[in-house]
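Kindly generate the complete structure, drawing on both the sequences and the hints.
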Amino acid sequence: DTEVTQTPKHLVMGMTNKKSLKCEQHMGHRAMYWYKQKAKKPPELMFVYSYEKLSINESVPSRFSPECPNSSLLNLHLHALQPEDSALYLCASGPVPGRVVRETQYFGPGTRLLVL
Amino acid sequence: SQQGEEDPQALSIQEGENATMNCSYKTSINNLQWYRQNSGRGLVHLILIRSNEREKHSGRLRVTLDTSKKSSSLLITASRAADTASYFCATAALNLYSGAGSYQLTFGKGTKLSVIP
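So the protein lines, in turn, are chains A and B. Residue numbers for the first sequence follow this note's numbering, beginning at 1 and rising by one. Residue numbers for the second sequence follow this note's numbering, beginning at 1001 and rising by one.
Bear in mind the hints are in silico, worked out from the structure with no lab data behind them. Hints are supplied without guarantee of correctness; some may be wrong.
Computed cross-link-like contacts, DSSO-like style, restricted to lysine-lysine with a CA-CA straight-line distance of at most 27 Å [as the list claims (entries may be wrong)]:
{"#": "1", "chain 1": "A", "residue 1": "K19", "chain 2": "A", "residue 2": "K38"}
{"#": "2", "chain 1": "B", "residue 1": "K1109", "chain 2": "A", "residue 2": "K41"}
{"#": "3", "chain 1": "B", "residue 1": "K1112", "chain 2": "A", "residue 2": "K36"}
{"#": "4", "chain 1": "A", "residue 1": "K36", "chain 2": "A", "residue 2": "K19"}
{"#": "5", "chain 1": "A", "residue 1": "K9", "chain 2": "A", "residue 2": "K53"}
{"#": "6", "chain 1": "A", "residue 1": "K36", "chain 2": "B", "residue 2": "K1109"}
{"#": "7", "chain 1": "A", "residue 1": "K40", "chain 2": "B", "residue 2": "K1109"}
{"#": "8", "chain 1": "A", "residue 1": "K40", "chain 2": "A", "residue 2": "K22"}
Simulated DEER-style distance windows between Cβ atoms [what the hints assert, rightly or not]:
{"#": "9", "chain 1": "B", "residue 1": "Q1014", "chain 2": "A", "residue 2": "T7", "range": "35 to 41 Å"}
{"#": "10", "chain 1": "A", "residue 1": "S65", "chain 2": "B", "residue 2": "P1008", "range": "34 to 40 Å"}
{"#": "11", "chain 1": "A", "residue 1": "A39", "chain 2": "B", "residue 2": "T1077", "range": "28 to 34 Å"}
{"#": "12", "chain 1": "B", "residue 1": "S1114", "chain 2": "A", "residue 2": "Q82", "range": "31 to 37 Å"}
{"#": "13", "chain 1": "B", "residue 1": "T1027", "chain 2": "A", "residue 2": "P61", "range": "24 to 30 Å"}
{"#": "14", "chain 1": "A", "residue 1": "S59", "chain 2": "B", "residue 2": "T1064", "range": "31 to 37 Å"}
{"#": "15", "chain 1": "B", "residue 1": "A1082", "chain 2": "A", "residue 2": "A80", "range": "38 to 44 Å"}
{"#": "16", "chain 1": "A", "residue 1": "Q82", "chain 2": "B", "residue 2": "A1078", "range": "43 to 49 Å"}
{"#": "17", "chain 1": "A", "residue 1": "K53", "chain 2": "B", "residue 2": "P1008", "range": "38 to 44 Å"}
{"#": "18", "chain 1": "A", "residue 1": "A80", "chain 2": "B", "residue 2": "T1027", "range": "44 to 50 Å"}
{"#": "19", "chain 1": "B", "residue 1": "T1020", "chain 2": "A", "residue 2": "N17", "range": "42 to 48 Å"}
{"#": "20", "chain 1": "A", "residue 1": "A80", "chain 2": "B", "residue 2": "T1077", "range": "47 to 53 Å"}
Sample of chain B residues lacking proximity to chain A, with all beta carbon distances greater than 10 Å (derived) [what the hints assert, rightly or not]:
{"#": "21", "residue": "D1007"}
{"#": "22", "residue": "Q1014"}
{"#": "23", "residue": "T1020"}
{"#": "24", "residue": "S1024"}
{"#": "25", "residue": "A1081"}
{"#": "26", "residue": "D1083"}
{"#": "27", "residue": "A1085"}
No residue lacks a Cβ here, since even glycine has one placed at the ideal position from N, Cα and C.
Structure representation (structure tokens):
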């Protein structure tokens, strides 16, 4: 299984809502990532988890709250978002250093988020 | 921060022609990877070239890496309409912060390739 799944595929939320994005992989990868991608722009790294511990937070506002409940799951909790947070949110997984055959990342299809 | 810069930003060619995309980067890397993204979807890994390699092939793809110039190129030969997509280079750097670490990818701005049947 070389698939990363993300739910939901589309999400529309108001600025006062609380929602969560979910990501799952069963490739045994111990590094998982959240990226944000605005239209016609490249993905920008938001968070990195390594062995279920947050290792990188790229100065993301606190209205985005990541969570890694176990080695297969990654969540992104959303609260009080702004319209400018509308984007495609991509999850990825990959190997950690030292257990590498290929240092590639496997991406999910993304959640397209619209904040009204 | 965005490190890779792709050139051109957009490329339109006829089916059967070759497509060449270039990428430049600024800092030292472990490897450089190329990804493809169909309109608004997830990214698919195409090919990886390590910092000690100069050229690599995979099917119709050929990647070169010049670490002295901090640049890479992706060549797609005999293009097909199905190759229409955005192509991103991504530099991979080892991040050992907080224990086990991870590979951190920094993506370039991308090249939008259109292959006309």
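Status of the hints after comparison with the structure:
This hinted pair checks out: K19(A) and K38(A) have alpha carbons roughly 19 Å apart, not beyond 27 Å. This hinted pair checks out: K1109(B) and K41(A) have alpha carbons roughly 6 Å apart, not beyond 27 Å. Distance restraint check for K1112(B) and K36(A): the Cα-Cα separation of roughly 19 Å lies within the 27 Å cut-off, and the hinted pair is therefore satisfied. With a CA separation close to 16 Å, the supplied pair K36(A) and K19(A) stays within the 27 Å bound.
Taking the CA atoms of K9(A) and K53(A), the gap is near 26 Å; set against the 27 Å cutoff, the hint holds. A distance of roughly 14 Å separates the Cα atoms of K36(A) and K1109(B); the hinted pair therefore holds under the 27 Å criterion. Between K40(A) and K1109(B), the direct Cα distance comes to roughly 8 Å. Compliance with the 27 Å bound is thereby established for this hinted pair. Of the supplied pair hints, the one linking K40(A) and K22(A) holds, its CA atoms being roughly 24 Å apart against a limit of 27 Å.
In this structure, Q1014(B) and T7(A) meet the distance hint of 35 to 41 Å, their C-beta atoms being roughly 40 Å apart. For the hinted restraint 34 to 40 Å between S65(A) and P1008(B), the CB-CB distance of approximately 39 Å keeps it satisfied. As the Cβ distance of A39(A) to T1077(B) is approximately 30 Å, the hint placing it in 28 to 34 Å holds. The given range of 31 to 37 Å is respected by S1114(B) and Q82(A), whose C-beta atoms sit roughly 33 Å from each other.
Checked against the hint of 24 to 30 Å, the C-beta distance between T1027(B) and P61(A) comes to roughly 26 Å, which is consistent with it. S59(A) and T1064(B) have their C-beta atoms about 34 Å apart, which keeps the hinted 31 to 37 Å range intact. One distance hint, 38 to 44 Å for the beta-carbon pair A1082(B) and A80(A), holds here, with the actual separation near 42 Å. Distance hint for Q82(A) and A1078(B): a CB-CB separation of about 46 Å, consistent with the stated range 43 to 49 Å.
Roughly 40 Å separates the CB atoms of K53(A) and P1008(B), a value that falls within the hinted 38 to 44 Å. Between A80(A) and T1027(B) the Cβ separation comes to about 35 Å, which falls outside the hinted range of 44 to 50 Å. The supplied range of 42 to 48 Å is met by T1020(B) and N17(A), whose beta-carbon atoms lie about 45 Å from each other. Our hint of 47 to 53 Å for A80(A) and T1077(B) holds, since their Cβ atoms are close to 50 Å apart.
With a minimum CB-CB distance of about 14 Å to chain A, D1007(B) clears the 10 Å threshold, and the non-interface call stands. The Cβ of Q1014(B) sits about 24 Å from the closest Cβ of chain A, beyond the 10 Å cut-off, so the non-interface label holds. Its beta-carbon lying about 19 Å from the closest one in chain A, T1020(B) satisfies the requirement of being farther than 10 Å from that chain. With a least beta-carbon separation of about 14 Å from chain A, S1024(B) lies farther than 10 Å from that chain, consistent with its non-interface assignment.
No Cβ of chain A comes within 10 Å of the Cβ of A1081(B); the nearest lies about 21 Å off, and the non-interface call holds. The beta carbon of D1083(B) is kept farther than 10 Å from every beta carbon of chain A, the shortest such distance being approximately 19 Å. Residue-level check passed: A1085(B) sits 13 Å from the nearest beta carbon of chain A, beyond 10 Å.
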